[in-house]
Amino acid sequence: MKKLLLVLLTVALCGCTGSAPKKEPQGPEANQLWGEPLRSVALMLPPSEPEPHALLDIGLVIFDPGVPEDPVNNSKLGIFPEIRKAESRYQPYILRENLVKTQAWGAVRVLPRPDASAELQLSGKILHSDGSHLVLQVRAVDSTGQVWFDKVYHDEAVESDYPVIPGNDPYADMYRQISNDILSYSQQLSPAQFKQIREIALLQYAASLSPEAFDGFVSADAEGLLVVNRLPSQDDPMLERVQRIKNQEFLFIDNADEQYLELYDRMTPTYNLWRQNGRELAIYKVEYEARESSRDRDGRRGTYAAMQQTYNAYKRSKEHDQDLDELAQGFNNEVAPTVLEVQGKVFRLNGSLDSQYTEWRSILRSIFALETGLPPAAE
Amino acid sequence: MDSGFGYTTIMITRTKKILFPVGLILLGALISNAALAQKLQNRNGKTVDFSGHWEMNYSESDNIQARLDSMVRELQRRAQRQANNNGSNRSNAAISSAPGGYNSGPSVIGLARMADSITQSQLLEVEQGEYEIDIQREETFALDCEFYGDYFHTVETPFGKETCGWDSHQLLFRILLPEGLSIQHRFTLGPSGERLNVATTVVSDRVSYPFTLNRVYNRFDPGKSGISCELTLTRGKVCTTESSQ
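If you read the sequences in order, they're chains A and B. Take 1 as the starting number for the first sequence in our numbering and just add one per residue. Take 1 as the starting number for the second sequence in our numbering and just add one per residue.
None of these hints come from the bench; they were simulated from the model. This structure is a prediction, so every number in the text was calculated from the model and none was measured. Some hints here could point you the wrong way.
[What the hints assert, rightly or not] With a cut-off of at most 30 Å between alpha-carbon atoms, the simulated BS3-like pairs for lysine-lysine come out as follows:
{"no.": "1", "chain 1": "A", "residue 1": "Lys315", "chain 2": "A", "residue 2": "Lys285"}
{"no.": "2", "chain 1": "A", "residue 1": "Lys125", "chain 2": "A", "residue 2": "Lys151"}
{"no.": "3", "chain 1": "A", "residue 1": "Lys246", "chain 2": "A", "residue 2": "Lys125"}
{"no.": "4", "chain 1": "A", "residue 1": "Lys285", "chain 2": "B", "residue 2": "Lys237"}
{"no.": "5", "chain 1": "A", "residue 1": "Lys246", "chain 2": "A", "residue 2": "Lys285"}
{"no.": "6", "chain 1": "A", "residue 1": "Lys246", "chain 2": "A", "residue 2": "Lys101"}
{"no.": "7", "chain 1": "B", "residue 1": "Lys161", "chain 2": "A", "residue 2": "Lys285"}
{"no.": "8", "chain 1": "B", "residue 1": "Lys237", "chain 2": "A", "residue 2": "Lys315"}
{"no.": "9", "chain 1": "B", "residue 1": "Lys161", "chain 2": "A", "residue 2": "Lys315"}
{"no.": "10", "chain 1": "A", "residue 1": "Lys125", "chain 2": "A", "residue 2": "Lys285"}
{"no.": "11", "chain 1": "A", "residue 1": "Lys101", "chain 2": "A", "residue 2": "Lys151"}
{"no.": "12", "chain 1": "A", "residue 1": "Lys195", "chain 2": "A", "residue 2": "Lys151"}
[Stated by the list, open to error] Pairwise CB distance ranges (calculated):
{"no.": "13", "chain 1": "A", "residue 1": "Asn247", "chain 2": "B", "residue 2": "Glu132", "range": "45 to 51 Å"}
{"no.": "14", "chain 1": "A", "residue 1": "Glu319", "chain 2": "B", "residue 2": "Gln65", "range": "28 to 34 Å"}
{"no.": "15", "chain 1": "B", "residue 1": "Ile64", "chain 2": "A", "residue 2": "Glu319", "range": "22 to 28 Å"}
{"no.": "16", "chain 1": "B", "residue 1": "Ser168", "chain 2": "A", "residue 2": "Lys151", "range": "49 to 55 Å"}
{"no.": "17", "chain 1": "A", "residue 1": "Val152", "chain 2": "B", "residue 2": "Asn218", "range": "53 to 59 Å"}
{"no.": "18", "chain 1": "B", "residue 1": "Asn218", "chain 2": "A", "residue 2": "Asn255", "range": "40 to 46 Å"}
{"no.": "19", "chain 1": "B", "residue 1": "Gly129", "chain 2": "A", "residue 2": "Leu55", "range": "48 to 54 Å"}
{"no.": "20", "chain 1": "A", "residue 1": "Ala116", "chain 2": "B", "residue 2": "Gln170", "range": "52 to 58 Å"}
{"no.": "21", "chain 1": "B", "residue 1": "Val238", "chain 2": "A", "residue 2": "Leu77", "range": "38 to 44 Å"}
{"no.": "22", "chain 1": "B", "residue 1": "Val238", "chain 2": "A", "residue 2": "Glu319", "range": "37 to 43 Å"}
[Said to hold, decoys possible] Facing chain B, a subset of chain A residues (Cβ under 10 Å, in silico):
{"no.": "23", "residue": "Pro71"}
{"no.": "24", "residue": "Lys246"}
{"no.": "25", "residue": "Asp296"}
{"no.": "26", "residue": "Thr303"}
{"no.": "27", "residue": "Met307"}
{"no.": "28", "residue": "Thr310"}
{"no.": "29", "residue": "Ala313"}
{"no.": "30", "residue": "Ser317"}
Where a beta carbon is used, it is the ideal one built from N, C-alpha and C, also for glycine.
Put together the whole structure using the sequences plus the hints.
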């Protein structure tokens, strides 16, 4: 009979409501999932001034916010979508600043969308982000399709990271480590490889404007990596036009970059406070849970004192969560207008860029058709 | 025994036959959970709008003493029925004296006190959207729920598990806590939309009968203050005057 009761109790308590995802882990549990957090990392600089051929342009795509498609999981996982959206634009900007600081690269641009013709493209996904831990998955791939790395970075903030000193970031080690990894990989490349990356990037861009004119210049090898079959002549007027249009595109992207800078400047004080408060709340909650689990019962099971103790523990934990929600709301109230504004500008810029692309491509195809007598490429 | 509620006529004797009622309760909980799941999954897609400000109407709300008396009478009736079924002239104890024991006086009264203490909020403020509801309760944590999909929303913490969703036109929150304690709030809107009933049921595995307390709320208009405030992180609460339009 007792066994039957135990079975009934187990089923009654856990059988009918389905499982609920738990909030993402902290402490040792977090390290088990994402690996040990980074230690102190110094920004690596190139040993000598890089040769001009090694100054690759980097396209840094705004991060994937990592918000689950099913919105029902957001609150269960402790994810605030609006904050993630802001972070997905904020974090690439910090990485950009580190890459620029090394002086090992050409132009480093934050892109509103992926660009297949980037010499080196960095993309990232936010796996976890709060005041205690930042976990990013970062992928670096060059124009040939060669993946330099695709790895998960985990950094943990410590008490001394807060309050955040202006110009610093609690996860600065992570951005420096990503920068270092890119530089380390690039140092293994030969001048010929740099040259090929740059040539393929330009040809890919040209082919995206006029596939017919640039068909056959590039093909995939057995491993699926792009290789140059032949090159247009140095004084090919079409190539000059392609280069000119590409420069025009960069002007637009540089304009977009300024919007990300504006977002970064305006968001930093609020974001730092959000992370600091969030971390303090998380620590308080962990300590509270530890205190509660080791605390003596106030009375025998079933008495008012015991029930009240049980209920109050739950009540406090709910209040902690709701304090965090309130913080998130305060963050949104302060930052959302900026994000929307920046989003609006970037979005409009995207639209402009897209329409100009279409127009440029159309013009280029027309010019090409006039010059070569070939039919214009299909839209 | 001074219960704190003025109830002094609790019959105190011992009972040894606690296993059967415990089994019944657990079976009841099992059936109840399954029924809740089925109901919520079959819920009517058209939901009721609880949005607005609500204040407690004491005259229409349950009297805690009357509910406690009613519960004790029910326990006595059950004990008597059980005694009759067993062919005994003498009924088993409805309520025992051992603190924390099954159906003990402190447990029964504790249940009523719990129901009373967790339903003290005089004011409620409800914000409801298509997919979520947030019920701010004065001086305690808010009850919030999301309605995505056909399943009901469950949030688990180290201190308990909360499940919520629609049961036809009623909104349910069920909180399962450690040590055999569970709390259910059932929100029902009156036909006119001006009256809200919150039925709170507290269940303990130390008492064979749940305790339910109804609190009735009336809609009220907090009025326009002429000032609109919002919370910010760096500047705290920022208030602006509302336009006269």
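Hints not upheld, ascending by number:
5, 18, 21, 22, 24, 25
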